[in-house]
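From first to last, the protein sequence lines stand for chains A, B and C. At position 50 of the first sequence (counting the first as 1) the number is 50 in the working numbering, and the numbers step up by one without a gap. One rule links them: number in the working numbering = place in the second sequence (from 1) + 1000. One rule links them: number in the working numbering = place in the third sequence (from 1) + 2000.
Worth double-checking, as some hints may not be accurate.
To be verified - Calculated cross-link-like contacts (lysine-lysine; reagent style DSSO-like; alpha-carbon spacing at most 27 Å):
hint, chain 1, residue 1, chain 2, residue 2
1, A, 68, B, 1193
2, B, 1167, B, 1226
3, C, 2230, C, 2208
4, A, 39, C, 2226
5, C, 2002, C, 2298
6, A, 39, A, 73
7, B, 1167, B, 1194
8, B, 1194, A, 68
9, C, 2229, C, 2163
10, C, 2226, C, 2130
11, A, 3, B, 1193
12, A, 5, B, 1226
13, A, 5, B, 1193
14, B, 1193, A, 73
15, C, 2308, C, 2298
16, C, 2298, C, 2283
17, A, 68, A, 3
18, C, 2130, C, 2163
19, C, 2355, C, 2331
20, C, 2208, B, 1201
21, C, 2208, B, 1210
22, B, 1149, B, 1193
23, B, 1193, B, 1167
24, B, 1201, A, 39
25, B, 1193, A, 71
26, C, 2298, C, 2163
27, B, 1201, B, 1149
28, B, 1210, A, 71
29, B, 1194, B, 1210
30, A, 68, B, 1201
Unchecked claim - Chain C residues, not near chain B, derived (Cβ > 12 Å throughout):
hint, residue
31, 2024
32, 2047
33, 2077
34, 2118
35, 2146
36, 2222
37, 2240
38, 2245
39, 2302
No lab work stands behind these hints: they were computed from the structure. Just so it is clear, the structure is predicted and the values come from calculations on it, not from any experiment. The C-beta atom is built at its ideal place from N, Cα and C for all residues, glycine as well.
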Amino acid sequence: MAKIKGAIVVDTARCKGCDICVTSCPFDVLRMSREVNEKGYTYSYMLNPDNCTGCASCGLVCPDGCIKVYKLKV
Amino acid sequence: MSNPIIQPENLVYDKSAVLTDNVMHYCPGCSHGTVHRIVAEVIEEMGLQDQTIGVAPVGCAVFIYNYINVDFAESAHGRAPAIATAIKRLNPDKLVFTYQGDGDLAAIGTAETIHACNRGENIAIIFINNGIYGMTGGQMAPTTLLGMKSSTCPTGREPHLNGYPLKITDMLALTEGTCYVTRQSVHTPSSVKKTKRAIRKAFDNSLQGKGTSVVEVVSTCNSGWKMTPVEANRWMEENMFPFYPLGDLKDR
Amino acid sequence: MKNELVLLKGNEAIAHAAIRCGADGYFGYPITPQSEIMETLMELRPWDTTGMVVLQAESEVASINMVFGGAATGKKVMTSSSSPGVSLMQEGISFSCGADLPMLLVNVMRGGPGLGTIQPSQADYFQTVKGGGHGDYKLITLAPSSVQEMVDFVDLGFELSFKYLIPCMILADGVIGQMMEPVTLPPYKPRRTAEQIAAECPWAANGKPAGRYRNVVTSLELDPAKMEKKNEVRQERFRLVEATEVRYEEFLCEDADYLIVAFGSAARVCQSAVEDLRSQGIKVGLLRPITLWPFPSKVLSKYAEKVKCMMTVELNAGQMNEDVRLAVNGKVHVYHYGRMGGIVPTPEEVTEALKSHL
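Okay, chain A solo, but in the shape it has when bound:
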């Protein structure tokens, strides 16, 4: 059976660190950064990239449209 691998890219300059994507991820992929962007916001990143399935839950709930989602059957 083909395995589905996913990945996301966060527009860190646009992200405001609201944390909603982190709590919406069903596979515990995301965390908030310790660093801040130019505006002083933390931003989300993939802590556990291997868990990502490209389900796009994070992108769907993101209020700022910061998340690009990629998906590949391998």
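Given chain A, work out where chains B and C should sit, using these hints.
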């Protein structure tokens, strides 16, 4: 850093091309951003960017025209349904929608809202209900829950002082002119999908001339509620949804 | 396509003229003494012929905002009301001026303040020419004194409004609205096509074609520098209107020792008074401002050098009187004779009033 999955051919989700690159002025986690995003997605999917005229409200979403890349008219506070009425009647082939908050739609614009719905204007009304005035700094809204604190009911809304929260969407469902009235939310991936389907249906109705569609989105204002965005979502589930239950109120 | 001679009430004339000038929409709310405007439109059913939209709104607040919406898409739209209704509309009028929208407004004035009376008045002069709503703005204001002018000013009002992107107000009163006169109706002008609107109103929010930046019709600008600039550009347009669009009528002014200044229905009364005074050997002239803004200040200033005194006659407590005094800048005394409460003075009253200042 190079992730082999991150290739253009593998892209499955991105913000809509109808959403501008402007960073939205909303607070972190604000529901407005999510709703703007999906409105833009629906317009893009329908291929109607050149046929859409939005009517912006007064309130936090006053600058919606900086984010959704379609033509807009900016309304006086609460008058969006009147403005949309004329835009649609004079341009019957266009997709015309209003985007309004609870103060705009359910307080100062109650008359315009009810009468546009009762005339069955072929417009879509997107109604953001977060139970508070965001733009002016957290005052009581007509939809503020009993006991809920705001800067003008600092110890919580009391009915003998402040009256009761208004379920205006239920009232709008009673008007003969509405064809579709629904109450949704955007706090989870599945709720976002449902709201997007609702907005799509409302826009389809506008084009098909079926009457007025109202999509209420029960939303958070974490700054006004003085919570984190995640806490606000939870508070909304526990407190807003029992009084403003989600689901279709009317679909014909 | 020819002119047509008919007998019409002033209010009915507005409705006929609107359809004939190719208006796209009328939005209104009933109020005495101007309800015949919408009633006539509903009877004529222009949506079946020219395609003009006519809608009875739930309030004047809604109707002016409907006009805002229609105008925002570049359409030729109008509303009409009477004094209390126009007060309600001030929010929408201010927003329309802030968004630089062209539109035609009609106020068939009645006496106030408040609910006042349904009888004729000119007491909304200040409200109309000095702003009325909030912010620095002007309305091009046309004051008809005959039913024919009710017809003619509809087309003229739209033309001026679209030329300068300033709302135009026809400031009539209950006399002009209710009286009947034979009028010549102009031939039908077709409504503008979408292509014409796109060419004439590139700012209109009527759907963004690919390649054009989105149009946003708004009165809002939070950047103080940009907001000031926006206001300055608007003020420049106001100066241009003041320089080019002043309209007035002179009646026996050339050799006059005394000048009466009156507009609208009051000017009709004054014309009889002037004839009467002339027959008594008193050389009186009548200057009738047709545009109340822009106000005919220059010509009044010219007459201030020649006449012994001026007298305004208005159906109010002396509102235009202030603008005449500003125009003559202290060179001559500007008396006032006015009636209020819906009372229209007789020519004899005006004659006596002037004679008291000889």
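Results for each hint:
1. A:68 - B:1193: 17 Å, holds
2. B:1167 - B:1226: Holds: residue 1167 of chain B and residue 1226 of chain B sit about 23 Å apart, inside 27 Å.
3. C:2230 - C:2208: Given pair residue 2230 of chain C, residue 2208 of chain C holds - Cα atoms ~23 Å apart, limit 27 Å.
4. A:39 - C:2226: Roughly 24 Å between the alpha carbons, so the hint for residue 39 of chain A and residue 2226 of chain C holds.
5. C:2002 - C:2298: Roughly 38 Å between the alpha carbons, so the hint for residue 2002 of chain C and residue 2298 of chain C is violated.
6. A:39 - A:73: Answer violated: residue 39 of chain A to residue 73 of chain A is near 37 Å, above 27 Å.
7. B:1167 - B:1194: 21 Å, holds
8. B:1194 - A:68: Satisfied, since the Cα-Cα distance of roughly 21 Å is no more than 27 Å.
9. C:2229 - C:2163: 20 Å, holds
10. C:2226 - C:2130: Distance of about 24 Å is within 27 Å: holds.
11. A:3 - B:1193: 25 Å, holds
12. A:5 - B:1226: 38 Å, violated
13. A:5 - B:1193: 22 Å, holds
14. B:1193 - A:73: Given that 27 Å is the threshold and the Cα spacing comes to 23 Å, the pair holds.
15. C:2308 - C:2298: Holds, at about 17 Å.
16. C:2298 - C:2283: 22 Å, holds
17. A:68 - A:3: Status holds; Cα separation ~20 Å.
18. C:2130 - C:2163: 21 Å, holds
19. C:2355 - C:2331: Cα-Cα ~20 Å, so holds.
20. C:2208 - B:1201: 22 Å, holds
21. C:2208 - B:1210: 24 Å, holds
22. B:1149 - B:1193: 31 Å, violated
23. B:1193 - B:1167: 24 Å, holds
24. B:1201 - A:39: Judged against 27 Å, a Cα distance of about 37 Å means the pair is violated.
25. B:1193 - A:71: 19 Å, holds
26. C:2298 - C:2163: Distance ~23 Å between residue 2298 of chain C and residue 2163 of chain C Cα, so the pair holds.
27. B:1201 - B:1149: 35 Å, violated
28. B:1210 - A:71: Distance of about 39 Å is beyond 27 Å: violated.
29. B:1194 - B:1210: OK: residue 1194 of chain B and residue 1210 of chain B at ~21 Å, within 27 Å.
30. A:68 - B:1201: This hinted pair holds, its Cα atoms lying about 26 Å apart.
31. 2024: Check fails; 6 Å does not lie beyond 12 Å.
32. 2047: Residue 2047 of chain C is in fact no farther than 12 Å from some Cβ atom of chain B, at 10 Å.
33. 2077: 7 Å, violated
34. 2118: 24 Å, holds
35. 2146: Holds: least Cβ distance 31 Å, greater than 12 Å.
36. 2222: 9 Å, violated
37. 2240: Holds, because the least Cβ-Cβ distance between residue 2240 of chain C and chain B comes to about 26 Å, which exceeds 12 Å.
38. 2245: 27 Å, holds
39. 2302: Consistent with the label, residue 2302 of chain C stays out of reach of chain B, its closest Cβ about 42 Å off (over 12 Å).
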